[in-house]
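Trainee: Based on these hints, arrange chain V on the given structure of chain X.
Number of protein chains: 2
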Amino acid sequence: MDNAPKKYVYFFGDGEAEGSVEMKSLLGGKGANLAEMTNIGIMVPPGFTISTEACRYYYANDGAYPEGLEGEIAQNLARLEKITEKEFGDAKNPMLLSVRSGAAFSMPGMMDTVLNIGLNDKSVAAIIEKTGNKRFVYDSYRRFVQMFGDVVLGMEHSKFEQFLEAKKKLRNTKLDTDLDSNDLKDLVSKYKEIIIADTGIEFPEDPEKQLKMTIDSVFESWNTDRAITYRNLNNISHDLGTAVNVQTMVFGNMGDDSGTGVCFTRDVATGKNEFYGEYLMNAQGEDVVAGLRTPHTFGQLKKELPEMYRELEAVRDRLEKHYREVQDVEFTIESGKLYILQTRGAKRTIQAAVKIVVDMVDEGLIDRDTAVLRVNPNRVDQLLHKRVDPEAAVKVIANGLPASPGAAVGRVVFSSQRALECAGRGEDVVLVRLETSPDDVGGMHASQGILTARGGMTSHAAIVGRGMGKCCVVGCNDIDVEVAANRFTVGDIVVNEGDYITLNVIGDAGEVILGKTDLIDPEMTGDFKTIMDWATDAKRLGVRTNADTVHDSKVARDFGAEGIGLCRTEHMFFGEDRLPIVQRMILAGSEESRKECLKKLMPMQKEDFIRIFEVMKDHPVTIRLLDPPLHEFLPKTEEEIKETAASMNIGLDELKGSIQSLHETNPMLGHRGCRLGITYPEIYEMQVQAIFEAAAELAGDGYKVIPEVMIPLVGHINELKFTKERLIKTAEGVMKRCGMDIKYLVGTMIEIPRAAVTADEIAEEAEFFSFGTNDLTQMTFGFSRDDIGKFLPFYIKEGILESDPFVTIDQDGVGKLVEMGVRKGRSTKPDLKIGICGEHGGNPASVEFCHRAGLDYVSCSPFRVPAAIIAAAHAAIKEKKDDA
Amino acid sequence: MDNAPKKYVYFFGDGEAEGSVEMKSLLGGKGANLAEMTNIGIMVPPGFTISTEACRYYYANDGAYPEGLEGEIAQNLARLEKITEKEFGDAKNPMLLSVRSGAAFSMPGMMDTVLNIGLNDKSVAAIIEKTGNKRFVYDSYRRFVQMFGDVVLGMEHSKFEQFLEAKKKLRNTKLDTDLDSNDLKDLVSKYKEIIIADTGIEFPEDPEKQLKMTIDSVFESWNTDRAITYRNLNNISHDLGTAVNVQTMVFGNMGDDSGTGVCFTRDVATGKNEFYGEYLMNAQGEDVVAGLRTPHTFGQLKKELPEMYRELEAVRDRLEKHYREVQDVEFTIESGKLYILQTRGAKRTIQAAVKIVVDMVDEGLIDRDTAVLRVNPNRVDQLLHKRVDPEAAVKVIANGLPASPGAAVGRVVFSSQRALECAGRGEDVVLVRLETSPDDVGGMHASQGILTARGGMTSHAAIVGRGMGKCCVVGCNDIDVEVAANRFTVGDIVVNEGDYITLNVIGDAGEVILGKTDLIDPEMTGDFKTIMDWATDAKRLGVRTNADTVHDSKVARDFGAEGIGLCRTEHMFFGEDRLPIVQRMILAGSEESRKECLKKLMPMQKEDFIRIFEVMKDHPVTIRLLDPPLHEFLPKTEEEIKETAASMNIGLDELKGSIQSLHETNPMLGHRGCRLGITYPEIYEMQVQAIFEAAAELAGDGYKVIPEVMIPLVGHINELKFTKERLIKTAEGVMKRCGMDIKYLVGTMIEIPRAAVTADEIAEEAEFFSFGTNDLTQMTFGFSRDDIGKFLPFYIKEGILESDPFVTIDQDGVGKLVEMGVRKGRSTKPDLKIGICGEHGGNPASVEFCHRAGLDYVSCSPFRVPAAIIAAAHAAIKEKKDDA
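Just so you know, the sequences run in chain order X and V.
At position 582 of the first sequence (counting the first as 1) the number is 605 in our numbering, and the numbers step up by one without a gap.
At position 663 of the second sequence (counting the first as 1) the number is 686 in our numbering, and the numbers step up by one without a gap.
Each hint should be verified, as a subset may be incorrect.
Since the list gives no way to pick one copy over another, a pair counts as held whenever it fits inside one copy or between any two copies.
Said to hold, decoys possible - Restricting the straight-line Cα-Cα distance to at most 30 Å, the calculated cross-link-like pairs of lysine-lysine (DSS-like) are:
1. K622 <-> K820
2. K727 <-> K577
3. K659 <-> K618
4. K813 <-> K744
5. K370 <-> K622
6. K105 <-> K820
7. K157 <-> K29
8. K622 <-> K813
9. K839 <-> K747
10. K153 <-> K105
11. K192 <-> K208
12. K901 <-> K344
13. K145 <-> K409
14. K618 <-> K813
15. K213 <-> K847
16. K665 <-> K679
17. K813 <-> K659
18. K30 <-> K326
19. K813 <-> K752
20. K813 <-> K747
21. K747 <-> K820
22. K370 <-> K326
23. K839 <-> K744
24. K618 <-> K820
25. K640 <-> K29
26. K326 <-> K659
27. K153 <-> K208
Don't read these hints as lab results, they were simulated from the structure.
Next up, chain X with everything else stripped away, as it sits in the complex (with noise of 0.2 Å):
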């Protein structure tokens, strides 16, 4: 049996540590960069990692240290006492001390930093002496007191700043800065009173005890309330602990040969491999940080300190090829010596990101898969969009969504009739609804950009917006519009229709802003594509799109789409030369007249097929039959009944009727899909001999046009029989009579629990499955899209849900579906071919799982095909270093 003592404790200092970057989880983040640091040669002020195994212990044993604890932070007081050649709670020669915590994970919410301990009464009039600067020495100390009230002991900060505030009116001044020593000596003074008026407890002047409290309070923010919702939220485990570092101080405002500053190491904002940073000198970081003195450049520290420039230089040469990533560094000179305080992954725009993986690949530093995993899909879309200048100065009146990135200036209009009129002048627009509909897309198409005030992230105003690659901001509870009024609210702010607003969807944030706004255009640049090809490269995934306009098939291909997933037949029904068509079909009261309509609906959607085809070339093209149900295209408002009856030359009680009778209780659940094709089988044989003729026609002029047909909404293997059979027949008709032999495929969405279940029957009629994750996670949670505005918030809020389930997948539930669909679909038939068509297909943590679960394509709307290129490929990666 092993009876060493355990160690909790790991040195760091004079060139080399215990610690390393593997032992993220022992030493934190932090921690553990700054062991690698000190091995690899770089300088950084020498101290010791408390490890997170501690702080385990701490929680676990009420509070109390593990046996050894204390004496091993003796021990390494001691050998930084050695190597500073100075003496911890010395009152000639004192050392002084930071404390930070670090966690495995970057986490807000804990104790950040406390600086300085070490100082009391006694060791101020050492380092007066040593600094010669009696003004920074007390500011440094009333800082440290009230640091330590603040953070070790939980006071609110507004008691210490009524002091200073009422000694800087007695000195009529607003800066800090005004104040001499003799003020600041003074705040020392009455903050130890009110420490110890407010807590009881006397601030200690005990060096030691500074350290041991202010260690403890580092393990106690492990488990503040924000730091436990945060891991709640961010699915990390309560039980890691954190780690403490004990570093000692360096001081950059030591005089003029000291200073302080952050670097680089390439441009963050554009990726050049050009060395990028600011400083100050005879300053402290928060000097940088409160703005009150503009830092320089580097190119003034390379002719002012060409010495310090080299070693700076070399500092960064050292990091870039040892982490082979950029970093963010943070150093400080202290008499002319440099001290590196930390290292980071630099944060970076995506355009940036693109650069740097690229150039690291061309400089040998990475390989291609690093690079493309160094590339996150969720971000990616920022490179095709335009968007608000992040230097201009707006005014963000309200919140939503981030339906649909990019951004979008323009007029307000209500109506999407109005938003017709206005952009047929030429007017740019942005179409304001409460929610949208069907029949709002012509609306949507003439508009800059669309905000609702309801739905979420997957409702109709959602889907369609980044289907057509709009900006799209949703689910904007702020605002209050009164459609009557033609106007919205937002507290007391009136928008008016024709006023300018500006909407900017960027990452997380869905911004409604008043007035015009300057926008940037994207750039596509060639490192763009580079990192596309390598993507797709390394994917086994297919990526396909969904579209049902010949200009979103464009874009796709343009992005990439290897075909297309999902053809809504139904957005064809929507074209102002057809809708009445189509309504009259509708309405009639018989089969022939039914026929009659779709006659004369065939040539049209036939047409749109060419186009599609044609597009696509040698691609396949899944094309889904008829899916809504049919009241989706008749008119809602009572104006737009009383129009459509005049139109049609029908009375408006039997229009009304008509609708009345079509009404459903729950549309989602109702009479739709291949409900639909079997009460009406003429509609789906219409589109069906539309699809073989389009496929003829172009098979005649040598396209290889491989048409697969999708039956929607399946729940029982006899209803896919059944349209199946019908389907055939059609199918066999058109090639017969064109004397051509076209092959295609028919296959079903797996859209409903009940298909997933019974995939095994299912499979033996249907030659391939595509996934509609959108619907199967609104009956699998039992969840309708439209309405979840009123508790989804809250449930993610409260953790009750992690995410949005119809934006990332929900794997335990939905997923075990999807899951159960693959293997009971391939136990009868091994080579079924299937893929997803859902909203999901376009989120990369959707298309990993998809990638898991074994499927054969993601298909997503035009502007997600990239994001679902570099996601297919970040999982194919994994997998492969997985299985390494």
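Mentor: Chain V only, in chain X's frame:
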């Protein structure tokens, strides 16, 4: 190797038969019974059965006979000739034959019977000589030729009828019997002429040819459209084939010592052990059916032909002892000799069925298990309701779905308010609505019966109607309800408010009858109680009830319910004194004012629970917390809204705004169930407080109340966790205040597919599961039960679905999720209590499924309890038999 030729024909006659009753699949039901009777010494006209195997061969080989079949037929014909001492096709002493189809399952749509095969121009003369009855013989000949043309050659009936009509016109009569032998002889010639003219086939004079063609046509009749549809609907394999029974003719009209009749071995109306029959001398079976002569009772037979009566009594005795079941027997007396033509299990009323099996157990004929198995649970509810006197002359004007059995007479009203007004004046009313909503519950209660134009077997009206045990016809498409005009129409018939109608729901029929009708009271006999006791002893499954009123609870207890499986707390919110408070609560702007209203509701809800607990005594009561979306409690029509606004003293626009903001696109999938309990925890807190205060109060009075608190609509474990945590806190608060320790369970509905898929996780937090198969069916199929009327009837008709999945549980889909839920739930909690509380809990087929799936109990509406008990007993007995 066995090279013996296969046997296709089975002889019966002269006291012995090659077949038996065990060989139904080979000989069909009829053939097997003819063989069986022969074997037990009953005199049946000798004959032979061609097996179903021959039919299958016929279909597999394009209408060819298997090798040896023709030879076997010839051999068997010879054997018949020997026994009867007649010759087939002989001109002097001809043997005549009948041919009947007979599959393993009784199956309408197939060929029934061809009689008198062997008659031709030659044999007619011989038989006239033998019988001395020329008219009878020519009539038989005419009928045979017509039947041959009609059945064998597929000609239209009317082709023959025209000649008959012409002949009767000529004779200036309306009765066939007024035609003499010459008329009939002439008709024979005419019939033969039209046969050749119409089909090009000459009527075959050759008896062998007649026989062969008839046998072929029996084979063919297996695949008529009607037969195929019937098999599709009843899930009978198309591969079984039919047998063909060839039997020698006997004649009851050969003179005064001949006759024919039918008898039942017991009284099939009352079940009394009395020999019951009717007969006519010198007559054929069809004379009895045609009603031209009034048959005599067996009382007369006993008096006039005591010998024959004794002989029949002996047959009765032998058949009942042998079959141990009441028989429906057809007999013919030919020249003083008794022949039994057919015996089969007798159809009987459910009242008779119950008495008969109880008697047979007393008589030692059958055991209790057999007795219970013979009571059809689907018919049990006919014992519990009033019904329209079947003797009464009524005018049925429309038919709908038989949602809730019984009968109701009353004046028509078109609104719940009118129903309440009229009922308040002591009038009997029938509520007629397009469809009902929870607002109508009061009006439904006040009505004798409910009629709706829309909705299916599980629509609101149907469920509430069944729950109340009130006669209810739904989905009655025949009627046009004109609410504004206060009337409904059926074609030309107009029914105004105040007019009397009668509803009659019995078995599969849901009739709407014009005017007042006399009703018969149900008889709850001692035998019914006996059989229910036996069933209760035999079953394993618990049977509980869905009840939320004292009345329902009492009824269910009387019917044998062992507790409450589903107490819907929301129904209690619709009381006249409560709804305004509930509405105020819903419209409250703050948590505080919501709590204010809830405080007022609490004592009322507590009182409800006390009353129900009292009725249920020591039996478990499962209480489901609030489930429906809040908007269900708000007024719907313009008028109701105005009224509510006035009575609540709030602005009309404000109220409309609130209603609008609560509107949902798909309420079924919206803000309801635990989603409400999570976003407004104070509602569930009030309910839990009421439950536990009620339990505590009764516990003080010595009751042993064990509340089972059920959380609805859980789809994710975290929903249950969140709700349960608060629930326990509230419950413990009450117990502490009362100083009591009440045992209770916390469980959840499994009604969302995701809950079934993740049942292992959910079981960790649940002490019981209750499958809510209504919602589970809606979501698993993606069927809104309020909207399926548009396609479900078509689905059933086309055989896409076998049955309405809201009536009989869909074992292949929904059932798989139930099984998964049981398996996964018990994988983490082996002693998990599991029940079902959807409407399927009262559907016999579904109850049997629940037994097999390993559930602990089913729960159903009070009037379904006896059926569920019988079905549960069936399941247990069948399992026992299968195990043995």
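Trainee: Hint by hint, note whether the structure agrees.
Mentor: The hints, checked one at a time:
1. For the identical chains of this complex, K622 and K820 are inter-copy neighbours only, at 28 Å across copies versus 52 Å inside a copy, given an alpha-carbon limit of 30 Å.
2. Taking identical chains as interchangeable, the C-alpha atoms of K727 and K577 lie at most 30 Å apart only when both belong to the same chain, with a minimum of 18 Å there against 73 Å between chains.
3. Taking the shortest alpha-carbon separations for K659 and K618, only the intra-copy value of 25 Å comes in at or below 30 Å, while the best inter-copy value is 38 Å.
4. In this assembly of identical chains, K813 and K744 lie within 30 Å of each other by CA distance solely across copies; the values are 20 Å between and 39 Å within a copy.
5. Taking the shortest alpha-carbon separations for K370 and K622, neither the intra-copy value of 58 Å nor the inter-copy value of 54 Å comes in at or below 30 Å.
6. Taking CA atoms no more than 30 Å apart as the test, K105 paired with K820 passes in neither setting, with 50 Å inside one copy and 93 Å between copies.
7. In this assembly of identical chains, the alpha carbons of K157 and K29 never lie at most 30 Å apart, being 44 Å within a copy and 120 Å across copies at closest.
8. Taking identical chains as interchangeable, the C-alpha atoms of K622 and K813 lie at most 30 Å apart only when they sit on different chains, with a minimum of 24 Å there against 44 Å within one chain.
9. In this homomeric assembly, K839 and K747 come within 30 Å of each other (Cα to Cα) both inside a single copy, at 28 Å, and across copies, at 25 Å.
10. When the C-alpha separation of K153 and K105 is checked against a cutoff of 30 Å, the pair qualifies only within one copy, where the shortest distance is 19 Å, while the shortest distance between copies is 139 Å.
11. In the homo-oligomer, the alpha carbons of K192 and K208 lie at most 30 Å apart inside one protomer (17 Å), although the nearest pairing across protomers, at 134 Å, exceeds that limit.
12. Taking the shortest Cα distances, K901 and K344 sit within 30 Å of each other inside one copy (23 Å), while across copies they are farther apart (77 Å).
13. For the homomeric pair K145 and K409, neither the shortest alpha-carbon distance inside one copy (60 Å) nor that between copies (101 Å) is at most 30 Å.
14. Proximity of K618 and K813 under a CA criterion of 30 Å is satisfied inter-copy only: 20 Å between copies versus 43 Å inside one chain copy.
15. Proximity of K213 to K847 under the C-alpha cut-off of 30 Å is found in neither arrangement, the shortest distances being 74 Å within a copy and 64 Å between copies.
16. Proximity of K665 and K679 under a CA criterion of 30 Å is satisfied in both settings, with 9 Å inside one chain copy and 24 Å between copies.
17. Within a single copy, K813 and K659 get their C-alpha atoms as close as 24 Å, and across copies as close as 21 Å, so both meet the 30 Å cut-off.
18. In this assembly of identical chains, K30 and K326 lie within 30 Å of each other by CA distance neither inside one copy nor across copies; the values are 47 Å within and 113 Å between.
19. In this homomeric assembly, K813 and K752 come within 30 Å of each other (Cα to Cα) only across copies, at 26 Å, whereas the closest approach inside a single copy is 47 Å.
20. In the homo-oligomer, the alpha carbons of K813 and K747 lie at most 30 Å apart only across protomers (21 Å), although the nearest pairing inside one protomer, at 40 Å, exceeds that limit.
21. Taking the closest pair of Cα atoms, K747 and K820 come within 30 Å of each other only across two copies (18 Å); inside a single copy the shortest separation is 46 Å, beyond that limit.
22. In this assembly of identical chains, K370 and K326 lie within 30 Å of each other by CA distance solely inside one copy; the values are 28 Å within and 111 Å between copies.
23. Proximity of K839 to K744 under the C-alpha cut-off of 30 Å is found in both arrangements, the shortest distances being 26 Å within a copy and 21 Å between copies.
24. Taking the closest pair of Cα atoms, K618 and K820 come within 30 Å of each other only across two copies (23 Å); inside a single copy the shortest separation is 52 Å, beyond that limit.
25. With identical chains, the CA atoms of K640 and K29 are never at most 30 Å apart, being 67 Å at best within one copy and 62 Å at best between copies.
26. In this assembly of identical chains, the alpha carbons of K326 and K659 never lie at most 30 Å apart, being 72 Å within a copy and 79 Å across copies at closest.
27. In this assembly of identical chains, the alpha carbons of K153 and K208 lie at most 30 Å apart only when taken from the same copy (18 Å versus 144 Å across copies).
The structure fails to meet hints 5, 6, 7, 13, 15, 18, 25 and 26 from the earlier list, while all remaining hints are met.
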